[in-house]
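Engineer: Could you put the whole structure together from the sequences, leaning on the hints where they help?
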Amino acid sequence: MHLLNHLKLRDKLLLMYICSVFIPIVLTNVIFYNVTTNNIKNQKTRDADMVLEQLQREVRSVIDEAAGISYLYYIDPLLNEHLDHTYTSKLEYVEAFTDVKSVFMKSAQAYSTISSTVIYTDNPTVLASGQILPLDDTAVEADWYAQFNQTSASYPVLIHSGDTISLIQRLNNVGDGRYNSLIKSDLNMATFRQLFAGIGFEGSMYFVNANGTIHYTNEAGVDWEAGTLRLEQMTMPEKSIAFDKPYTNNNYLNGWRLYGVMDEKVILQEVRKSGTFILFLACINIVVPSLIIAAISRSIHVRLVRILRHMKKVKNQHFETIPFEESRDEIGQLTGEFNRMTMRIDNLINDVYMADIQKKDLEIRQRQAQLHALHSQINPHFLFNALETIRMRSLMKGETETARTIHSMAKIFRKSITWKRSWVSVREELELIECFLDIQKYRFGDKLQYQLTVEDAVYEHTIPKMTFLPFVENASIHGIESSPGIGLIALHIGYEDGRILFRLTDNGIGMPEDKLGELMQYLQEDGAMGDNVGMKNVYTRLKLCYKDAFDFTLRSESGSGTTIELRLPVMEKGA
Numbered sequence: 001m002h003l004l005n006h007l008k009l010r011d012k013l014l015l016m017y018i019c020s021v022f023i024p025i026v027l028t029n030v031i032f033y034n035v036t037t038n039n040i041k042n043q044k045t046r047d048a049d050m051v052l053e054q055l056q057r058e059v060r061s062v063i064d065e066a067a068g069i070s071y072l073y074y075i076d077p078l079l080n081e082h083l084d085h086t087y088t089s090k091l092e093y094v095e096a097f098t099d100v101k102s103v104f105m106k107s108a109q110a111y112s113t114i115s116s117t118v119i120y121t122d123n124p125t126v127l128a129s130g131q132i133l134p135l136d137d138t139a140v141e142a143d144w145y146a147q148f149n150q151t152s153a154s155y156p157v158l159i160h161s162g163d164t165i166s167l168i169q170r171l172n173n174v175g176d177g178r179y180n181s182l183i184k185s186d187l188n189m190a191t192f193r194q195l196f197a198g199i200g201f202e203g204s205m206y207f208v209n210a211n212g213t214i215h216y217t218n219e220a221g222v223d224w225e226a227g228t229l230r231l232e233q234m235t236m237p238e239k240s241i242a243f244d245k246p247y248t249n250n251n252y253l254n255g256w257r258l259y260g261v262m263d264e265k266v267i268l269q270e271v272r273k274s275g276t277f278i279l280f281l282a283c284i285n286i287v288v289p290s291l292i293i294a295a296i297s298r299s300i301h302v303r304l305v306r307i308l309r310h311m312k313k314v315k316n317q318h319f320e321t322i323p324f325e326e327s328r329d330e331i332g333q334l335t336g337e338f339n340r341m342t343m344r345i346d347n348l349i350n351d352v353y354m355a356d357i358q359k360k361d362l363e364i365r366q367r368q369a370q371l372h373a374l375h376s377q378i379n380p381h382f383l384f385n386a387l388e389t390i391r392m393r394s395l396m397k398g399e400t401e402t403a404r405t406i407h408s409m410a411k412i413f414r415k416s417i418t419w420k421r422s423w424v425s426v427r428e429e430l431e432l433i434e435c436f437l438d439i440q441k442y443r444f445g446d447k448l449q450y451q452l453t454v455e456d457a458v459y460e461h462t463i464p465k466m467t468f469l470p471f472v473e474n475a476s477i478h479g480i481e482s483s484p485g486i487g488l489i490a491l492h493i494g495y496e497d498g499r500i501l502f503r504l505t506d507n508g509i510g511m512p513e514d515k516l517g518e519l520m521q522y523l524q525e526d527g528a529m530g531d532n533v534g535m536k537n538v539y540t541r542l543k544l545c546y547k548d549a550f551d552f553t554l555r556s557e558s559g560s561g562t563t564i565e566l567r568l569p570v571m572e573k574g575a
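Each residue of the sequence shown is one higher than the last, beginning at 1 in full-length UniProt numbering.
Note that these hints are calculated values from the structure, not bench results.
The reader is advised that the hints may include incorrect statements.
Simulated crosslink set (DSS-like; lysine-lysine; CA at most 27 Å straight-line) [claimed, not checked]:
1. Lys-312 / Lys-12
2. Lys-543 / Lys-465
3. Lys-547 / Lys-465
4. Lys-8 / Lys-313
5. Lys-44 / Lys-265
6. Lys-465 / Lys-536
7. Lys-245 / Lys-41
8. Lys-265 / Lys-41
9. Lys-239 / Lys-44
10. Lys-441 / Lys-536
11. Lys-441 / Lys-411
12. Lys-101 / Lys-90
13. Lys-315 / Lys-8
14. Lys-312 / Lys-8
15. Lys-465 / Lys-411
16. Lys-536 / Lys-515
17. Lys-41 / Lys-239
18. Lys-447 / Lys-515
19. Lys-411 / Lys-447
Structural biologist: As structure tokens, this is what we get:
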């Protein structure tokens, strides 16, 4: 609740509107829309499931009827004996065929579901007549026979070849097996298509075998007749509802199934159309309360802002009263009390305090003038001119190294005084580092070696002033100065993972692990500065500039040197 006290009144009214009006209305409409959508989707799904179950039963009925005809031929002893008998003459066969001709009338009742019933036999004495054909090379090379020959089932086998689905069964119930005979019943595909077309399923249906091969579908443009298209090759809708209806407890249909797919967008098309109407109602429910709340909010906000504006004028000693309006609410009363208070304060200030304030202001101005006069006595140009004189005399005496060192000192001194900006470019920072290292080189001679590696792309990026120099100074004084051998300072400035990388390495005396831990704790804690003031100052300024967006790493071992890595965010050039 205390957090609300820090919000402006306008923000409070906006928050009240969002929490009390906007969010409840939006949530109510979204929930209503989702519930309606889910209910329709569930109802459509249940209806589609019932439709597929009905189609499954009707397809089973058609195939069962065809299988029943096959079984009648299979168990008929007269037909099997006729096919298994070796005839000595054509006359004998014709007389025998006359006796079994009535058997073929059994399939007449199934003409609506079976387009043709043909018996094939390799008995050479059986003549091709009506529904009995020889199992010759043409039949053996047919695709349906190749598929059937891969099975050894005694029950009817469902075979798909071309645009026809057939039930094929061996006729080996009686006889000594001298000859191979089979019956092939072709389903009436017109009846089959009518079943799929008239079922009223709002989607694609596939009649699939155990291997996932599609043997019939109502989807237009799909080449199912080749018998090579598999279900997983079909392109399904992005949001689809699938129905899988397998056939069980049936020898010739085991593994086969009906697979249906519905596009969720098609199912919910009618609901989507009503979404515009729901959106219209939601807009009305939002706009009307919004206008009312906006009018009330403006009535309160405008008058409060006017009071606040006049109060800020009072702070600058402009005691203007607010034009009073006839309003009886709390803000109107506040306006009247503010006007009375303003007039009373104006009178008190004019009568009692104004003279004293003018006197004290005059004293402050006099002290500021004295301070400016004291500052002007110390002219840094004197120091610059003195250093330049010493440098010129060194050049005249041939002491070029001394002259270069003095020039570097003057440059550092001038930069530290004349820099008015808090941010400088990497190039400017690098100039100071080079000047400092030249001075240190002059001090230590060949004992100090340094190497600078800077990527061209980072020169113009801005960083806080004197970010890198204190680390270089610390490396030369604390790391190299106490080292007995030749000291090497290697500095690399470049990019790494989109940030500016500063890596400083020296081969100085380093520091033990406990001292390294104390130094890191000292840098990170808030408090007064002790030793290592330069590093502490840099770390503190980086925290102020970058918050937690920079990384600082310090690695050191006693006698093995020190490595400092600093990763800074890339700031806009010229910032």
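Engineer: Hint by hint, say whether it matches the structure.
Structural biologist: Results of checking the hints against the structure:
1. Lys-312 / Lys-12: Holds, at about 22 Å.
2. Lys-543 / Lys-465: This hinted pair holds, its Cα atoms lying about 14 Å apart.
3. Lys-547 / Lys-465: Satisfied, since the Cα-Cα distance of roughly 16 Å is no more than 27 Å.
4. Lys-8 / Lys-313: holds, 20 Å
5. Lys-44 / Lys-265: Holds, at roughly 12 Å.
6. Lys-465 / Lys-536: holds, 14 Å
7. Lys-245 / Lys-41: Holds - the C-alpha atoms of Lys-41 and Lys-245 are around 19 Å apart, at most 27 Å.
8. Lys-265 / Lys-41: Given pair Lys-265, Lys-41 holds - Cα atoms ~10 Å apart, limit 27 Å.
9. Lys-239 / Lys-44: holds, 15 Å
10. Lys-441 / Lys-536: holds, 25 Å
11. Lys-441 / Lys-411: holds, 16 Å
12. Lys-101 / Lys-90: holds, 16 Å
13. Lys-315 / Lys-8: holds, 20 Å
14. Lys-312 / Lys-8: Holds. Lys-312 to Lys-8 sits at ~16 Å (cutoff 27 Å).
15. Lys-465 / Lys-411: Given that 27 Å is the threshold and the Cα spacing comes to 15 Å, the pair holds.
16. Lys-536 / Lys-515: Within the cut-off at roughly 15 Å; holds.
17. Lys-41 / Lys-239: holds, 12 Å
18. Lys-447 / Lys-515: Roughly 26 Å separates the two Cα atoms, so the pair holds.
19. Lys-411 / Lys-447: holds, 24 Å
Hint compliance for this structure: every hint is met.
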